[in-house]
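Asker: Chains as they are written, first to last, in the working numbering: chain A, 1 to 552; chain B, 1 to 552.
Take the hints with a grain of salt, since some may be wrong.
So these bits of chain A aren't anywhere near chain B, every CB distance computed over 12 Å [to be verified]:
| id | residue |
| --- | --- |
| 1 | 56 |
| 2 | 62 |
| 3 | 105 |
| 4 | 108 |
| 5 | 129 |
| 6 | 250 |
| 7 | 315 |
| 8 | 318 |
| 9 | 339 |
| 10 | 544 |
| 11 | 552 |
Listed below are the simulated DSS-like cross-link pairs for lysine-lysine, each with C-alpha atoms no more than 30 Å apart in a straight line [said to hold, decoys possible]:
| id | chain 1 | residue 1 | chain 2 | residue 2 |
| --- | --- | --- | --- | --- |
| 12 | A | 402 | A | 477 |
| 13 | B | 352 | A | 352 |
| 14 | A | 293 | B | 402 |
| 15 | B | 352 | A | 402 |
Note that these hints are calculated values from the structure, not bench results.
Where a beta carbon is used, it is the ideal one built from N, C-alpha and C, also for glycine.
The residues making up each chain are set out below.
2 protein chains.
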Amino acid sequence: MAKNPKLRIIPLGGLGEIGKNMTVFELGDDAIIVDTGIMFPANDMFGVDYIIPDFKYLTERKGLKIHGILYTHGHEDHVGATQHIVQTFPNVPIYATPLTAGLIGVKLEEARLEKTTTVKVFQAGDILKVGPFVVESYHVCHSIPDCVGFGINTPYGLVVHSGDYKFDNTPVDGKKPDYAKLAEFSRRGVLMLMADSTNADQPGWTPSESVIDGAFDAVFRQARGRIMVATFASLISRVHQVGKAAQVHGRKIAVAGHSMAKNIKMARDLGILNIPDEMFIDLNRINQVPDNKVVILVTGAQGEPSAVLGRLATGRHRQLDVREGDTIIVSSHTIPGNEEMVNRTINRLFQKGADVIYDPIAAVHVSGHARQEEMRLLINLTNPKYFMPVHGELRHLRAHGKLAMQAGIPANNIFIVENGFVLEADKNGVRVSERVPGGYVFVDGSGVGDIGPAVIRDRETLARDGFMMVVANVDAKSGELLDDPEIISRGFVYLRDATDLMATVKSTINEVLSNSNSRNGNRRDKLQESLGRVLYNETRRRPMIFAVINEQ
Amino acid sequence: MAKNPKLRIIPLGGLGEIGKNMTVFELGDDAIIVDTGIMFPANDMFGVDYIIPDFKYLTERKGLKIHGILYTHGHEDHVGATQHIVQTFPNVPIYATPLTAGLIGVKLEEARLEKTTTVKVFQAGDILKVGPFVVESYHVCHSIPDCVGFGINTPYGLVVHSGDYKFDNTPVDGKKPDYAKLAEFSRRGVLMLMADSTNADQPGWTPSESVIDGAFDAVFRQARGRIMVATFASLISRVHQVGKAAQVHGRKIAVAGHSMAKNIKMARDLGILNIPDEMFIDLNRINQVPDNKVVILVTGAQGEPSAVLGRLATGRHRQLDVREGDTIIVSSHTIPGNEEMVNRTINRLFQKGADVIYDPIAAVHVSGHARQEEMRLLINLTNPKYFMPVHGELRHLRAHGKLAMQAGIPANNIFIVENGFVLEADKNGVRVSERVPGGYVFVDGSGVGDIGPAVIRDRETLARDGFMMVVANVDAKSGELLDDPEIISRGFVYLRDATDLMATVKSTINEVLSNSNSRNGNRRDKLQESLGRVLYNETRRRPMIFAVINEQ
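Here chain A stands alone, though its shape is the one from the complex (with noise of 0.2 Å):
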């Protein structure tokens, strides 16, 4: 090792949020991984299933030693990468706390990569070496148990990063922040403060997970039918309080959705969901029990059309239907750029006859992220040096920085960068570098990364007006059509109804071909253009145009 050697903090990948879904940490040659997870694409990424980060400053930096990943909680925008992670570096071992450990290992398991890495399970509070750092987990609340953030000693300091977190003082699995450890940093000092700015545009303080339990509480007692409950899959801590909920009156908890079953044994066996055996029952056993006497947990709170709730909307659930009188709550924060799809469901769920809770009508969810005084908290308990606000938007990390200048970090100590900018550190202080190659990667189908923005536009622009395709056989010495030309059109107007646009279709084909005695490419040109033309004037339209000459 290079004497010496500089710190060097690298946020990657994130889709408009930075520094939320993998962080790099350099000292030298050495490195760790804080997070790998994804991104959910856009409305206008047409077609992408997932986003990742790119993996091309890690794969492409020479000498570099991956020491360890290290994750902060289990959702997917922190874990949901794992398995491309792995893939490019195998054997780096896999640090995580036993929700997300186990959560981890379902996705090792699925893509059959569980024996690729280590994953090494500790409990927040555990004090971790990996390469040349030593992190210091500790616990912090969020919407899942079992969260961390960590502080990285290095050689020139304290490095404290948040990870997902909120100030909750009643915390449904009654775990409360590390405030001492917070504050033991301090005495020790920090010398830069990365945190969570995902509300930084929010006043006041985030509530408490437990308002959620009042709120239940007064649906449990005014349903006189069945329940429904939608919320994630890796929501433990809903799932916890809906089987309190139930108990108190007297439901049996019944769930709909691999996923969500799967998560709830897993956190079950690890003794993190303590719901005895005797209040499940099997979905296709509900029928045996009176509607007053069950609860069910469904997926599809994102309005997603092929999960459970979807299902649920349009009928097409194979064992379960909604009817008048069911009560259905829909738990969960919506994902900005689902807005429409949530409410779209809702709105068909009233139409099958159910009543739907959901927030603001009743108090069914909270963030799982601080809002402005915890911030102010965060900082004034870690008393940092420099500040550099993550996980969010650009105005978000705007706002956060605001809030940094109010508690009296200098401005000059205060880093907003985008992802790929490389913050550098040594013995006199810490500062912004170069730039790499922070961006991502579409995930579409099987295929990581072959889909660039040049096919997204070609989709956007099938999407906004189609395609209309001819095949002219023509004539090799006259250049005349030898038979009805084929046309194929699709997303640009529905062709049976459109006689007279055909009409003056055909006869512009006629007509370009006729008159053309030009050599076969520039005639293409010429009759793709010429369609294009026509095709406007008549429909004010774009489609996409292909032609095809065939000369015989």
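Chain A is fixed; fit chain B onto it per the hints.
Answerer: Just chain B now, kept in the frame of chain A:
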């Protein structure tokens, strides 16, 4: 006219929202229409420009005489389809308040339809005799001046239609809600109230538009450089508020955006907007005054890439650029479905160095619609026998219905219906009758109603996985390929990087064509099927596949 003709009330043509864009009131064969607005397409209605109500019921209804079209206010979701209804029913007079008439006039001129109808201008409070109906207009507060609701006198009692409303006790233009008229309606007895449900799931009372004055004042006081305010082109009261702040803080007003400039001119000509000439400065001349002496009104607050704010965010505006020191206020409600685009625009403006102020950073926008306490007030003020929640999705109507029940209206007297359901009234009261075509029609380019679900489904498939087309010339006798098949594909994979895949495609084509001694149609199907299978196996994607086989 038949003796004792029935009253029929029919909400038509909302997309998700009910009774918002257009309502028909019939008395026997005599009808009036209230509002003819457009809807914005959902994100999965690919390529659709906008959506209008389906006029099918009206065009097919035998013997119906439409006596007038009455408008509540000038927003697009209430007046946007005016040119389409005028084209379908020429010479039916239009009734509108001055500003609404002005906005409609601009539309009719652009569509060259100003001679096809007559616009009769009335003032809020005027009583209109339209066909067999005596309609009492009354002033309501919303987010545009010159809004009205209607009290429609019928043989069976008074029907009160709220229009879009909020109870703003300190309105920007000083024109308070017409409580007196509502109380008078109540004294005379109200048969049915039809009321705006937009915010029915929001507790409390919507803040007055005037709270924005305070937020604007704070921003104007702090800004050291230029200020830009992005809002709807039709949000005239917001322009008024910017004018007040500009006057107080000594800034000139420039306007960027054709539609906004036109609306401001029209509102000033009508005397609705009182900002003196000398307060305005031409956009081309703003460099002649110091940065801290100018405020620029811009369009594009919904993040539309082609409007001014969208162009500024991506550096594509001809006259303006965004730079360090600019303060940009985004002052408008984000239409559901546009969240991603708005947030992306805000992030890009931050990236360019501007400070962006948006809700919830500061109260630079408030809703124009009543919340729950205002809804309760309207119900109690008018004390109707029957209640029909309108202007909202089903979930909002249900929530509004609950408020009405809490106010003492029996559940059987509350009508929560979908578009196209007919409410019928006679001396025995009001009930739900049959359902008529109440859907909507897509407008795409110059086509009205020529694309339907089949074309949209094709666009969806193309957007997700693109297409591949194969044109193969084969020997008519042997069926063997005569030359290399032509392969055209878009939106599927980047062909140039997919050499292995293309080799597989070509060998599949060879194999199918040489093994197949069947006729062309069958062979074509077989080729398409085989290619589909191969591509799915290789990529887990399902592009549309087309094969053309030319026998020579």
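Asker: Run every hint past the structure and note whether it holds.
Answerer: Hints and how they fare:
At roughly 16 Å from the closest C-beta of chain B, the C-beta of residue 56/A stays outside 12 Å, upholding its exclusion from the interface. Against chain B, the non-interface label of residue 62/A holds: every CB pair exceeds 12 Å, the least being about 25 Å. No beta-carbon of chain B comes within 12 Å of the beta-carbon of residue 105/A; the shortest separation is about 24 Å. Annotated as non-interface, residue 108/A keeps its C-beta farther than 12 Å from every C-beta of chain B; the closest such distance is 20 Å.
Its beta-carbon lying about 38 Å from the closest one in chain B, residue 129/A satisfies the requirement of being farther than 12 Å from that chain. With a minimum CB-CB distance of about 26 Å to chain B, residue 250/A clears the 12 Å threshold, and the non-interface call stands. Look at residue 315/A: its CB is around 16 Å from the nearest CB on chain B, clear of 12 Å, so calling it non-interface holds up. Non-interface call for residue 318/A relative to chain B: holds, since the shortest CB-CB distance, roughly 23 Å, exceeds 12 Å.
Once the 12 Å rule is applied to beta carbons, residue 339/A is inconsistent with being away from chain B; the minimum gap is 5 Å. Its beta-carbon lying about 6 Å from the closest one in chain B, residue 544/A breaks the requirement of being farther than 12 Å from that chain. Once the 12 Å rule is applied to beta carbons, residue 552/A is inconsistent with being away from chain B; the minimum gap is 5 Å. Restraint check for residue 402/A and residue 477/A: the C-alpha separation of about 75 Å exceeds 30 Å, so the hint is violated.
For the proposed pair residue 352/B and residue 352/A, the alpha carbon gap of about 48 Å is over 30 Å, so the pair is violated. Distance check on the hinted pair: residue 293/A and residue 402/B sit about 25 Å apart at the alpha-carbon level, within 30 Å; holds. Proximity of residue 352/B to residue 402/A is assessed by CA-CA distance (about 17 Å); at most 30 Å being required, the pair is judged to hold.
Comparing the model with each earlier hint shows violations of hints 9, 10, 11, 12 and 13; every other hint is respected.
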